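**Q** Listed below, chain by chain, are the residues.
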Amino acid sequence: MTDTPKPGSSSGSIWTNERARGIVSQVLLVGGIIAVVWFLVSNTNTNLEQAGLELGFGFLADQAFFEINQNLIEYSSTSTFGRALLVGLLNTLLVSVLGIITATIVGFVMGVLRLSNNWMVSRMAGIYVEGTRNVPLLLQIIFWWTILTGLPRVADSLAIGNAVYLNNRGVRFPAPILEPGMGLVIVTAVIGLIVALIISGWASRRRVATGQGFPSLWVNLMLIFLFPVLLFLLLGRPLSFDVPVPGRFNFTGGMNVTPELVALWWALTLYTGSFIAETVRAGILAVHRGQTEAAYALGLRPGQTMRKVVIPQALRVIVPPLTSQYLNLTKNSSLAIVVGYQDFVSVGNTALNQSGHSIEIVAIWLAVYLSLSLATSAFMNWYNSRIALVER
Amino acid sequence: MTEGFHRPQTEMIPNRAAPASSVGIVGWVRTNLLSSWVNVGLTLIGFYLIWLIVPPLLMWAFFDATYIGTDRFACEDRVGACWVFLDQRFAQFLYGFYPSEQTWRVNIALIMLIPALAPLLFDKMPGGKYLRWFSLAYPFIATFLLIGGFGLEEIPTNKFGGFMLNITVGLAGIFLSLPVGILLALGRRSQLPFVRIFCIGFIEVFRGVPLITMMFTAAMLLPLFLPPQMSLDLVVRVIVVVTAFASAYMAEVIRGGLAAIDRGQYEAAQALGLSYWKSMLLIILPQALKYSIPGIVNTFIALFKDTTLVIVIGLFDILNIGRSMVANPDWLGLGIETYAIIALSFFTVCFSISRYSLSLERRLDTSR
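Top line first, the protein sequences correspond to chains A and B.
Take the first sequence: its letter number 382 is residue 1774 in my numbering, and every next letter is one higher.
Take the second sequence: its letter number 127 is residue 168 in my numbering, and every next letter is one higher.
Some hints could be false.
[Stated by the list, open to error] Each pair of labels, with its calculated beta carbon distance range: (1) B:ILE91 to A:ARG1640: 23 to 31 angstroms; (2) A:ILE1519 to B:ALA58: 34 to 42 angstroms; (3) B:GLN129 to A:GLY1518: 33 to 41 angstroms; (4) B:PHE103 to A:ASN1509: 49 to 57 angstroms; (5) B:ALA102 to A:PHE1641: 52 to 60 angstroms.
[To be verified] In silico contact screen, one side only, chain B against chain A (beta carbon under 10 angstroms); selected entries: (6) ILE54; (7) ASN56; (8) TYR380.
In case anyone wonders, no lab produced these hints; they're calculated from the structure.
Just so you know, these numbers come straight off a predicted model, no measurement behind them.
A virtual CB, placed ideally from N, CA and C, is assigned to each residue, including glycine.
So here's chain A without its partners, still in its complex pose:
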């Protein structure tokens, strides 16, 4: 080493004192940040003044003057900017929830298939995974949208069983109509679900304490499905469907889903599904072989081994990255803007162009997405601490 410290060169100076150095560097950092922020803020103020704009969220109460083609709550061009953003946020949540459900199913199926001992099956799952995760999501969204909008016109819709129609304006399918009494059925199902959760908690606690089993699966299935179905039949099937009927120019009845939503949903499902498949595969592989072998040695059947030994341990590995995949899906749904699905970012962008309040809109974006992300990491921390207790 050429640069051994020369004795006395710097002893006693402020540089050799770790605490003092720490304080100095932090003061420099904070000072730097303050200087940069001050520089930016003063620039912004001059720029805003020149453009004649004022900061403030008051514009959210102004009339928005633009249409949104898919609104889950009442909205028209006379509504306010605030309401428009809310409609956009609901659209984001809608496609995210739909995407999370289907991507989870696709991901778990493909992850398990990729581990199949059938060469053909594992290769096909592998082709799906590599083929979707190595292509930009934006490209996939545009691709599916191109295909969907290339479908026949409304008059020549492709029919599936005279109930579902595909055309270049999207998918039209029967709309469920809730008749009086259906609410009761739904309430029964929800109560059944809650009771089932309580029962399975109680059953697992009792099994740990006494070793006695309880057929909670069957009891719970009965609670969640059998009672509501019986009630449904007793009340005379209080549910009917409004089936779309092709007219000369358009359909009467039914519900329509836009090609934008379908393309986005489908692309998000396939793209995130491939990442979830990899997560699931890694999770199952992370469970030591000895666990399976020990379970067989104890006389458990393969199904039981999977359900009671492998999956609980694999889930521990799978759930944290899975939640971050869900978060990624939600964030990625903002790519909706390129195909014209009016999600939170897209509506925000329109509002920004209409009102000129760019700083406020970006602040709202940041606030909303950050709270989603913080909520997710809070869940992840909670889950990690919960499973940490289970560990030996």
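We have chain A already, so just place chain B on it with the hints.
**A** For chain B alone, coordinates are given in the frame of chain A:
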């Protein structure tokens, strides 16, 4: 000597061959395709799917396709794909609006990328020591080649486009985000509270929001934040935002690498009397970075795919060039072909990088 049962065995019995049903192609098929009735069924379904998909796809893509012509009308009487645009628009897909007599500069920059990356990708390279210096100099050489100045004709960045724009933004992002990410990762583990809070805040904000909102920020807010006389080029703004975004992810990857290092290494560095920066640069970071390489590569793949997002602020990367070509009356209705080609370009790059990262992971794993 009687022929009988008591004759002692003096020679080894030669090894018998394994049963014909368990080796060779037959054995492979039996264990991998036909091991149970369920598997037989799955294999049959697999073959059916292949038969359903592959022949029509080949017919469409190659045998029924049209290759030569000047616009889509050359393909009107064909049922297969129309690859005419490849011949006509290839340069635009690669270089965007870069002046055609200057594209040799892009080509040279791309070719020089190979020796620049080689010492980073492979451990044992002849002359690797000198190549490493070249790798460090490469970003500056490439910038000079692409933008020009000092005798070369200057090309404004709004002429950048096509796949070259994706590669430029991706490489610039990864190159710049590595040092920033290292600093952020060290800052997040720092004892100094303000440094730590600042780094956590930076990382969480950029990881928490979609890149698209950051793109809009780059396009619409940055000009508001800067003095009016100081106007930053749009491509530069995009690179700044992409760098900030990627360095937040990079910081988390490197933090993982730092956490994987044994405490003893930190303590030994302290015991040797090394200062914080020296112990980091000489002892900790070389090991931590080695462990983080797979994560860094994955960040790069994600970043490279995300470069297509420049489309939302009106830059013409390969995807946007394709998209606007498809909207052109001369090429209307060629969406599937165009997007397939673009997808293939990205797939080739990303898939080979991810394979490389896998092999690297295995190599690092055995060295541990």
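**Q** Would you mind marking each hint as holding or not holding in the structure?
**A** Going down the list of hints, with the structure as the test:
1. The hinted range of 23 to 31 angstroms is not satisfied by ILE91 (chain B) and ARG1640 (chain A), whose Cβ atoms lie roughly 43 angstroms apart.
2. The given range of 34 to 42 angstroms is respected by ILE1519 (chain A) and ALA58 (chain B), whose C-beta atoms sit roughly 35 angstroms from each other.
3. In this structure the supplied range 33 to 41 angstroms holds for GLN129 (chain B) paired with GLY1518 (chain A), their Cβ-Cβ distance being about 36 angstroms.
4. One distance hint, 49 to 57 angstroms for the beta-carbon pair PHE103 (chain B) and ASN1509 (chain A), is violated here, with the actual separation near 34 angstroms.
5. Here the CB-CB span from ALA102 (chain B) to PHE1641 (chain A) is close to 37 angstroms, at odds with the stated 52 to 60 angstroms.
6. A cut of 10 angstroms between beta carbons decides the hint on ILE54 (chain B): the least distance to chain A is about 33 angstroms, and the hint is violated.
7. Annotation: interface hint on ASN56 (chain B) violated; nearest CB of chain A at approximately 28 angstroms, more than 10 angstroms.
8. About 5 angstroms separates the beta-carbon of TYR380 (chain B) from the nearest beta-carbon of chain A, less than 10 angstroms, and the hint is met.
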